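Chains as they are written, first to last, in the numbering used here: chain A, 1 to 141; chain B, 1 to 141; chain C, 1 to 414; chain D, 1 to 414.
Misleading hints may appear alongside valid ones.
Below are the PhoX-like pairs computed for lysine-lysine, each with C-alpha atoms no more than 25 Å apart in a straight line [claimed, not checked]:
| no. | chain 1 | residue 1 | chain 2 | residue 2 |
| --- | --- | --- | --- | --- |
| 1 | C | 141 | D | 141 |
| 2 | B | 90 | B | 14 |
| 3 | D | 411 | D | 330 |
| 4 | C | 141 | A | 14 |
| 5 | B | 57 | B | 80 |
| 6 | A | 14 | C | 408 |
| 7 | C | 24 | A | 14 |
| 8 | A | 124 | A | 14 |
| 9 | B | 124 | B | 57 |
| 10 | B | 14 | D | 408 |
| 11 | C | 265 | D | 141 |
| 12 | D | 408 | D | 24 |
| 13 | A | 124 | A | 80 |
| 14 | B | 14 | D | 24 |
| 15 | B | 14 | D | 28 |
| 16 | C | 330 | C | 265 |
| 17 | D | 411 | C | 141 |
| 18 | D | 28 | D | 408 |
| 19 | C | 330 | C | 24 |
Just so you know, these hints were derived from the structure itself, not from any lab.
Keep in mind it's a predicted model, so treat the numbers as computed, not measured.
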Amino acid sequence: MDDLYREVILDHYKNPRGHGVIEDADASAEGVNPLCGDEVSIYVQFAPDGETVDEVKFSGRGCAISQASTSMLMEMVVGKTAQEIAELPKEELLEEVGIPLTPIRLKCALLGLGVLKVALHRAKGTPLPQEWAGLDELELK
Amino acid sequence: MDDLYREVILDHYKNPRGHGVIEDADASAEGVNPLCGDEVSIYVQFAPDGETVDEVKFSGRGCAISQASTSMLMEMVVGKTAQEIAELPKEELLEEVGIPLTPIRLKCALLGLGVLKVALHRAKGTPLPQEWAGLDELELK
Amino acid sequence: MVATARPALEAQRLRADFPIFDQKIHGKPLAYLDSAVTAQKPRQMLDAMHTFYETSYANVHRGVYTLSERATAEFERARGLVAAFVNAPSPRELIFTRQATEALNLVAYAWGLNNLGPGDLVVVTELEHHSNFVPWQYMAKRTGAGFRMINVNADGELDLGDLDAIAAEGQVKVVANNLVSNALGTINPVEKLAEWGHEQGAIVVVDAAQAAPHHPVDVQALGCDFLAFSAHKMCGPSGVGALWGRRELLEAMEPFNLGGHMISKVRYEETTWGELPHKFEAGTSPIAEAVGFGAAIEYLNEIGVEAIEQHEQKLAAYALERLGEIPGIKLYGPPPDRRAGIVSFNLGEIHPHDVAQILDSEGIAIRAGHHCCQPLMTRLGVAATNRASFYLYTIPEEIDRLVDGLHKVQKILG
Amino acid sequence: MVATARPALEAQRLRADFPIFDQKIHGKPLAYLDSAVTAQKPRQMLDAMHTFYETSYANVHRGVYTLSERATAEFERARGLVAAFVNAPSPRELIFTRQATEALNLVAYAWGLNNLGPGDLVVVTELEHHSNFVPWQYMAKRTGAGFRMINVNADGELDLGDLDAIAAEGQVKVVANNLVSNALGTINPVEKLAEWGHEQGAIVVVDAAQAAPHHPVDVQALGCDFLAFSAHKMCGPSGVGALWGRRELLEAMEPFNLGGHMISKVRYEETTWGELPHKFEAGTSPIAEAVGFGAAIEYLNEIGVEAIEQHEQKLAAYALERLGEIPGIKLYGPPPDRRAGIVSFNLGEIHPHDVAQILDSEGIAIRAGHHCCQPLMTRLGVAATNRASFYLYTIPEEIDRLVDGLHKVQKILG
Ligand SMILES: Cc1ncc(COP(=O)(O)O)c(C=O)c1O
Ligand SMILES: Cc1ncc(COP(=O)(O)O)c(C=O)c1O
Chain A
1 MDDLYREVIL DHYKNPRGHG VIEDADASAE GVNPLCGDEV SIYVQFAPDG ETVDEVKFSG
61 RGCAISQAST SMLMEMVVGK TAQEIAELPK EELLEEVGIP LTPIRLKCAL LGLGVLKVAL
121 HRAKGTPLPQ EWAGLDELEL K
Chain B
1 MDDLYREVIL DHYKNPRGHG VIEDADASAE GVNPLCGDEV SIYVQFAPDG ETVDEVKFSG
61 RGCAISQAST SMLMEMVVGK TAQEIAELPK EELLEEVGIP LTPIRLKCAL LGLGVLKVAL
121 HRAKGTPLPQ EWAGLDELEL K
Chain C
1 MVATARPALE AQRLRADFPI FDQKIHGKPL AYLDSAVTAQ KPRQMLDAMH TFYETSYANV
61 HRGVYTLSER ATAEFERARG LVAAFVNAPS PRELIFTRQA TEALNLVAYA WGLNNLGPGD
121 LVVVTELEHH SNFVPWQYMA KRTGAGFRMI NVNADGELDL GDLDAIAAEG QVKVVANNLV
181 SNALGTINPV EKLAEWGHEQ GAIVVVDAAQ AAPHHPVDVQ ALGCDFLAFS AHKMCGPSGV
241 GALWGRRELL EAMEPFNLGG HMISKVRYEE TTWGELPHKF EAGTSPIAEA VGFGAAIEYL
301 NEIGVEAIEQ HEQKLAAYAL ERLGEIPGIK LYGPPPDRRA GIVSFNLGEI HPHDVAQILD
361 SEGIAIRAGH HCCQPLMTRL GVAATNRASF YLYTIPEEID RLVDGLHKVQ KILG
Chain D
1 MVATARPALE AQRLRADFPI FDQKIHGKPL AYLDSAVTAQ KPRQMLDAMH TFYETSYANV
61 HRGVYTLSER ATAEFERARG LVAAFVNAPS PRELIFTRQA TEALNLVAYA WGLNNLGPGD
121 LVVVTELEHH SNFVPWQYMA KRTGAGFRMI NVNADGELDL GDLDAIAAEG QVKVVANNLV
181 SNALGTINPV EKLAEWGHEQ GAIVVVDAAQ AAPHHPVDVQ ALGCDFLAFS AHKMCGPSGV
241 GALWGRRELL EAMEPFNLGG HMISKVRYEE TTWGELPHKF EAGTSPIAEA VGFGAAIEYL
301 NEIGVEAIEQ HEQKLAAYAL ERLGEIPGIK LYGPPPDRRA GIVSFNLGEI HPHDVAQILD
361 SEGIAIRAGH HCCQPLMTRL GVAATNRASF YLYTIPEEID RLVDGLHKVQ KILG
């Protein structure tokens, strides 16, 4: 338990970084975790090079794990290119989250990353990992 | 075993009474035991009173139990009225058959009686027992 | 239904019948408060299935040999027990299915697909589980029939004031509703709906998945046409459930699944169907599961379903009282005298997943989610709720532990 | 498939795994020669289910708590085992059903009802079990499509000479055939039929109910689109089976049963479906049964399905030889090198029911009937046959006892 809700998770949960909406975002997507109905939307603004993420925000509702991991993700991806994010292994985010997760909670922790990759895929044609290509992890709108 | 295929059963099986067809019968019906596909047809000729069974025959294929019990039935019903046969309890035939029967074999033993009751029902409007009214025991043609 | 008074059940003593409680979860005793989703299994039921497999297993209804006759007798005995449990007029009207969901699909396909069309209406309620909602929504769409929903009021009780307005919109052909809501515990006025449905000339399809395990259910008293329930929610095994249907309807209906066993004659040119209940039981039956279902019914009969109902009502009242003391909690559903042993709540803004996760670390198992009732969740304006649900083995101490656990959740995440 | 040679199986030793043999039938040891209809269960499989119920039972896929995570892990592990057993490219393509029959109905309803119409043809074979015959006949009739049958020759083998004539009559949309005939033991040329079916633009639906328990089955090598089989015929429990389907087809298809678990979003206005395999698994799954199915697969893998196949081929050859010595016997089906461990016969004019009944008094269980293959029986000109069928626990002594028993039948009824 103390493992799961350790300080850094609680901090991101209670003070999420990048929480909000970017109007007229360059890229955006919305996804829902069909297991619990949680929804998350992600909005991306690119730098003038059109490739590097300048600003990224998220909105939606979710559990502490999904909110915290999405918040951590926001911090991780600013300054990276769309291609770099497309190639970001989920393990890197999970390491940041740093707590043991059961398969069900893994879906919570990876919801934001999936939605972000889909947003970039749509805007820039970057590849989707196989498991998201089949929409296995989330329902897109 | 010796119980099941006792002498009298074997005798009726090997020398069935009333085996054959009555052309232009006053009453007739055909039934099939859906569990094994066995078919039996029964033909009835009434006496001039139009009520008393004068002659009765059966045709079709079946196992020793169904052939023997139908053969015994043929002997039992000649001279009885349609109404009397409609009221004939199946126990009376089973007593005649006189061997212990499991539920599956019971269906074999009662196939002929069911078909006969249906034939009389159709020709004379005599009642069908509940279990045959729903065609539970046999498929009619 | 037995009229004589039964002794109250002793949950603490009954727990000994359930091997699942012989373990610790995260070092704590298991408080299993998720019986509405599926119930735990008594040794008596497990042993009945095991013994059946070890001594009498064979396919049913066709074999001439001893094992098959024995298996058939046990299987049909189980059918009789299940049929009697809901006071079905005849065991021939009781069809074994995989679960309540398949039972409802059977009716939606075999009756709905063949009897619905434009101008007709299918009426469900906002309280339905997806299993009694989506099949009807789908069949309405396929056939061009309309789809209407009876709404709930603020207490989570059906608002029957809309019935006339619905009837004015088309020919009501199906009324599908549950007897007890799995999300809120609401006990619904099925008799009234059945009466109204029959006035409209509709068939009345009752989802008793959540009722049959906990309350006396009598298809003749309810006046419905079909009733669906699942063994796994009533101490029986997974993999089997039942549909009761009115004989005339079942006989007139097309079959659903097709194949072995459900036929009378198969010819290249044409196939004819078998008699009830076989016509609706294509393929090899869930044989051992049906036997286990029968054993579960015997177990429940031994205790008495009225005693179970009373026990759960007391637990629900106690839970509502204790949970009500927690600051910031929101409780959903009707008052205790009109609800089953189910309590749904939210703890302020804390996500139910987090609540359930922290409770798990205390050995407490509750459900967090939409409970397969998204239309109702939409109405309540939430994505999910927490739900604690009780059964014959639930003890008040488990509710106390739940309350303590919720305080801990608030301390961590509040 | 493992390429290395396996030791031949020792049936006598394996029998000790099967508690059913710890009893006498009419005072004689049980000779269970009806495995084609359903197989007996090894202790290992029964114990796996029992332990699951006692320690890890909960509903799968939604619970956040420990028991549910544990149940989900065991359930999905079983899916992986079953999928690998038929060399499915992904476990997501493996759907748990009640049995082969329901798996075939799933395809007939979800694909057939939505893709067939006038001018189309559905092609089955005269060897089909009713479960792969009646659903297609029914869907053809409902949709206005034509229904054609590939006939068998005198040896009970498919006559593929008719294929061109069939293709000339319409647009072949479905080719449905079994891999091994349960009535005759014929091993069918599925690869050829699949190739032909795909040339026509049809889907190829393989009934492997009788093949999967006894022979290596590889969906990729067969080149089919759907493959159905049942756990209960392969040492698993009743109440569960599987459908493998090609991912693109499954994804493009409508769902079959509707309700809990198979959805993504349910709204009054519209419902969207979940991902594979959930989209086809409405309602509470046969959870413990799937776990038992996985345990059965592990049991078979331990022995090696190639070893089982060889063992049964030897038994079939021995049975054909010994039975052939009986005067007046009529044997059906292909020569031993092209047949599975199934032997169908008639003893002159003696009705199979009587044969089976007398054999039962000797403790020998065989099947007597149409074996859910009435079209084939019509072709053979009989209502029924006797059928002895073998499995990994069958020993040659049981075939000797069968032959002795048949002599006794002739003495009594001949
Ligand atoms: C009211 C209600 N209906 C239907 C169902 C579906 O039951 P099953 O999944 O056993 O078909 C449930 C179970 O959650 C339920 O509570
Ligand atoms: C070839 C074949 N297909 C289908 C079936 C049907 O199997 P189930 O009843 O398990 O669905 C059987 C079983 O008898 C079979 O042998």
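Hint by hint, here is what the structure shows:
With a C-alpha separation of about 22 Å, the suggested pairing of residue 141 of chain C with residue 141 of chain D holds against the 25 Å cut-off. Between residue 90 of chain B and residue 14 of chain B the alpha-carbon distance is near 23 Å, which keeps this suggested pair within the 25 Å criterion. Note on residue 411 of chain D and residue 330 of chain D: the hinted pairing holds, with a Cα-Cα distance of about 17 Å set against a maximum of 25 Å. In summary, the hint linking residue 141 of chain C to residue 14 of chain A is not supported, as the alpha carbons are separated by about 44 Å, beyond the 25 Å threshold.
For the proposed pair residue 57 of chain B and residue 80 of chain B, the alpha carbon gap of about 15 Å is at most 25 Å, so the pair holds. Note on residue 14 of chain A and residue 408 of chain C: the hinted pairing holds, with a Cα-Cα distance of about 17 Å set against a maximum of 25 Å. Straight-line distance between C-alpha atoms of residue 24 of chain C and residue 14 of chain A comes to about 32 Å, which puts the hinted pair past the 25 Å bound. Using a Cα cut-off of 25 Å, the hinted pair residue 124 of chain A and residue 14 of chain A is violated, with the two alpha carbons roughly 32 Å apart.
Distance hint between residue 124 of chain B and residue 57 of chain B is fulfilled; the C-alpha atoms sit about 18 Å from each other, no more than 25 Å. As the CA atoms of residue 14 of chain B and residue 408 of chain D are separated by approximately 17 Å, the hinted pair is consistent with the 25 Å bound. Of the supplied pair hints, the one linking residue 265 of chain C and residue 141 of chain D holds, its CA atoms being roughly 16 Å apart against a limit of 25 Å. In summary, the hint linking residue 408 of chain D to residue 24 of chain D is supported, as the alpha carbons are separated by about 20 Å, within the 25 Å threshold.
Between residue 124 of chain A and residue 80 of chain A the CA atoms are separated by roughly 14 Å; this keeps the pair inside 25 Å, and the hint holds. For the suggested pair residue 14 of chain B and residue 24 of chain D, the alpha carbons sit about 32 Å apart, so the restraint of at most 25 Å is broken. Between residue 14 of chain B and residue 28 of chain D, the direct Cα distance comes to roughly 29 Å. Violation of the 25 Å bound is thereby established for this hinted pair. Restraint check for residue 330 of chain C and residue 265 of chain C: the C-alpha separation of about 59 Å exceeds 25 Å, so the hint is violated.
For a cut-off of 25 Å, the pair hint linking residue 411 of chain D to residue 141 of chain C is broken: about 65 Å separates their Cα positions. The hinted pair formed by residue 28 of chain D and residue 408 of chain D meets the criterion: a straight-line CA distance of about 15 Å does not exceed 25 Å. A distance of roughly 30 Å separates the Cα atoms of residue 330 of chain C and residue 24 of chain C; the hinted pair therefore is violated under the 25 Å criterion.
Checked against the numbered hints above, the structure violates hints 4, 7, 8, 14, 15, 16, 17 and 19; every other hint is satisfied.
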